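Chain residues, written in single-letter form:
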Amino acid sequence: MKYVLLALMMFFAQLSMAAITHGNHGASRASLLPSCQELNSLPSPHCGLVPTTVWGKGANDDVDVLYTVFSQNGHIYFTTSVDKGQTFEPPTVVNRTPEAIYDDGENRPKIIVGEKGKVFVSWTHKTAGRYSGDVRFARSLDGGKSFDTPITVNSNRALISHRFDSMSIDSEGRLYLIWIDKRDLLVAKKQNQKYRGAALYYVVSEDSGASFSENRKLVDNSCECCRIAVDQDYQGNIVALWRHVFPGNIRDHAIAYISPDETPANSALLKATNDDWMIEGCPHHGPDLSIDSQNTAHMAWFTQGEKHKGLMYGQYDLETQSTRYEFVIDASAAASRPQVQVMGNTVYLMWKLFDGKAMTLNIQRSLDGGKTWKGRESIARTLNGSDHPDWVTSQSKLYAVWHTQSEGLRLFEIVQ
Amino acid sequence: MKLHYLSKIKTVMGLVFAAYCGMLHAASEDVQLKMFGSDSLVDITSAKSGQPFMMVLWSIDCPPCIKELSLFRDFQPQLSKKNIVLISIDGSEPVSVIQQVLADHQLGELDQWIFSGEMVERLRYAIDPEWYGELPRTYFYEREGNRVAHSGMLTEKILTEWLQYSESLPKAVSK
Chain A
237 MKYVLLALMM FFAQLSMAAI THGNHGASRA SLLPSCQELN SLPSPHCGLV
287 PTTVWGKGAN DDVDVLYTVF SQNGHIYFTT SVDKGQTFEP PTVVNRTPEA
337 IYDDGENRPK IIVGEKGKVF VSWTHKTAGR YSGDVRFARS LDGGKSFDTP
387 ITVNSNRALI SHRFDSMSID SEGRLYLIWI DKRDLLVAKK QNQKYRGAAL
437 YYVVSEDSGA SFSENRKLVD NSCECCRIAV DQDYQGNIVA LWRHVFPGNI
487 RDHAIAYISP DETPANSALL KATNDDWMIE GCPHHGPDLS IDSQNTAHMA
537 WFTQGEKHKG LMYGQYDLET QSTRYEFVID ASAAASRPQV QVMGNTVYLM
587 WKLFDGKAMT LNIQRSLDGG KTWKGRESIA RTLNGSDHPD WVTSQSKLYA
637 VWHTQSEGLR LFEIVQ
Chain B
19 MKLHYLSKIK TVMGLVFAAY CGMLHAASED VQLKMFGSDS LVDITSAKSG
69 QPFMMVLWSI DCPPCIKELS LFRDFQPQLS KKNIVLISID GSEPVSVIQQ
119 VLADHQLGEL DQWIFSGEMV ERLRYAIDPE WYGELPRTYF YEREGNRVAH
169 SGMLTEKILT EWLQYSESLP KAVSK
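If you read the sequences in order, they're chains A and B.
Each residue of the first sequence is one higher than the last, beginning at 237 in our numbering.
Each residue of the second sequence is one higher than the last, beginning at 19 in our numbering.
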């Protein structure tokens with residue numbers, strides 16, 4: 237009887253100490269800005285989720301414009317700012333029909349501003365089922381005033397993962413979309429065969445997104461849920477860096493050129509990082525990449541490997557195909573989301589660090605191409621939720637961009 | 019004869035009870051999920067009154083975590099609100115999705131929590147400043163709050179050994 241009473245007391249104590257929820261969200265990532273709480277407020281990069289920004293020229297080529305896409309209420313919106321994000325124009329809707337959208341830090345809309353008013357936007361649509369999605373693309377030919385009807389890029393339409401889209405454009409103006417795709421895993425499962433991870437597929441457009449090549453496989457055995465980093469090499473060719481599943485479930489990174497021509501799958505893969513991280517599962521923590529004029533790929537990533545732990549910086553020489561200068565940026569468990577940017581001979585690193593009270597945004601720089609690093613500095617903090625930080629560059633200027641629940645979208649000048 | 023008769027009744031009652039439990043488990047909206055905030059860990063440990071228990075962090079976005087839920091389902095007779103606490107870190111997912119996954123794995127009767135609206139990193143830090151966020155993550159609490167952390171999927175062997183070990187620990191005096 238004593239135990240029954242005790243059990244009852246414990247039960248009621250538990251009931252009283254925590255709210256029990258039914259049917260609603262456990263938490264909201266929605267903006268906490270007062271201006272976003274008004275029912276009639278327009279969609280905005282502050283109120284929406286995962287805004288992604290790039291610099292480009294305005295309609296008359298006379299002014300620098302900040303181009304932004306973001307997710308809000310099942311729509312991807314496009315907007316511009318001529319005052320470095322202080323104010324934004326009323327947004328244009330990219331997908332007129334609302335759809336479920338993956339809008340977490342690893343899965344965010346992408347934007348490229350091309351020549352003559354061309355704007356390209358990609359994102360991942362959440363299809364029925366867990367981990368399922370389709371890669372979507374839409375373009376504007378009038379500087380973002382209107383967008384063509386979005387298309388689904390992946391030709392395989394099974395309710396599986398076609399997610400983590402990335403987009404890039406080469407020096408010839410060819411547009412590339414690359415994503416993580418589980419169609420080969422599906423085939424292997426049906427044949428009762430084992431298959432490590434997922435695959436990377438891509439398409440190329442020679443006509444500014446009017447049409448795309450057939451879906452091509454770049455590699456088998458990528459990790460399932462980390463974003464893919466892409467950048468142009470020194471000649472304007474496209475390079476991708478991603479977390480791979482090497483034999484033995486080692487989830488280090490691989491790097492490869494993406495050819496505009498058809499090439500056999502798995503022909504271009506090179507191992508870029510060496511941490512020996514064996515893990516059953518996916519870390520949801522993709523790498524970042526920035527390539528300099530010597531064709532050195534500067535990389536930032538997260539690992540919990542045998543050899544290294546924490547946030548890492550390293551270089552991969554695309555000419556000699558060798559890795560060098562792998563070192564730990566921040567080994568603490570509260571550090572995350574490293575970003576790297578090279579400008580001339582200076583390399584910048586940025587990452588998030590929870591200091592026990594607030595989330596801080598930290599910067600470190602190297603003036604000798606990544607060989608030695610100066611002390612870190614904290615440039616911003618927030619008390620509530622925050623997106624992955626990102627860089628935005630305009631010729632010689634560099635800004636850090638950070639979207640936070642309490643403050644909205646902010647730009648921080650790093651290099652004037 | 020009488021004994022045999024009684025055992026039959028017991029069996030029937032057992033089946034009826036199992037069916038009833040099955041119905042309960044099928045109704046996902048009955049799965050109670052408590053909000054885990056940055057001060058909830060103390061509530062959890064104090065409610066356990068110093069008895070050994072497992073605290074398991076999981077996410078619907080983590081395939082090994084889902085496999086681990088299946089393992090807990092198979093160990094169901096040995097698991098109760100007293101010896102296991104599950105915390106979903108899916109604070110931004112609809113609660114109904116989490117409830118459904120738990121109901122599907124017949125784990126709705128256990129002590130279930132979900133990350134609240136607080137900053138995820140703050141909640142992680144409150145649980146363990148040394149935790150990088152990898153999942154699944156289990157803390158084995160021995161008596162008086164001493165705990166051992168484990169990253170990655172639990173195996174049948176680990177779970178069996180822990181349950182045997184925790185049973186063998188001398189019981190704390192209830193306050």
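Quick caveat, the hints were computed from the structure, so don't treat them as lab data.
Keep in mind the model is a prediction, meaning the values are calculated, not measured.
For each residue, glycine too, the CB sits at the ideal point set by N, CA and C.
Hints may contain errors.
Simulated pairs of lysine-lysine, PhoX-like, Cα-Cα distance not exceeding 20 Å [said to hold, decoys possible]:
1) K100/B / K430/A
2) K507/A / K545/A
3) K85/B / K175/B
4) K425/A / K175/B
5) K453/A / K425/A
6) K320/A / K362/A
In silico negatives: residues of chain B with every beta carbon more than 12 Å from chain A [said to hold, decoys possible]:
7) D79
8) P95
9) E139
10) G151
11) L153
12) F158
13) R161
14) S169
15) K175
Verification of the hints:
no., hint, result
1, K100/B / K430/A, "39 Å, violated"
2, K507/A / K545/A, "18 Å, holds"
3, K85/B / K175/B, "15 Å, holds"
4, K425/A / K175/B, "27 Å, violated"
5, K453/A / K425/A, "18 Å, holds"
6, K320/A / K362/A, "32 Å, violated"
7, D79, "7 Å, violated"
8, P95, "18 Å, holds"
9, E139, "4 Å, violated"
10, G151, "8 Å, violated"
11, L153, "7 Å, violated"
12, F158, "19 Å, holds"
13, R161, "17 Å, holds"
14, S169, "8 Å, violated"
15, K175, "16 Å, holds"
Of the numbered hints stated above, those contradicted by the structure are hints 1, 4, 6, 7, 9, 10, 11 and 14, listed in ascending order.
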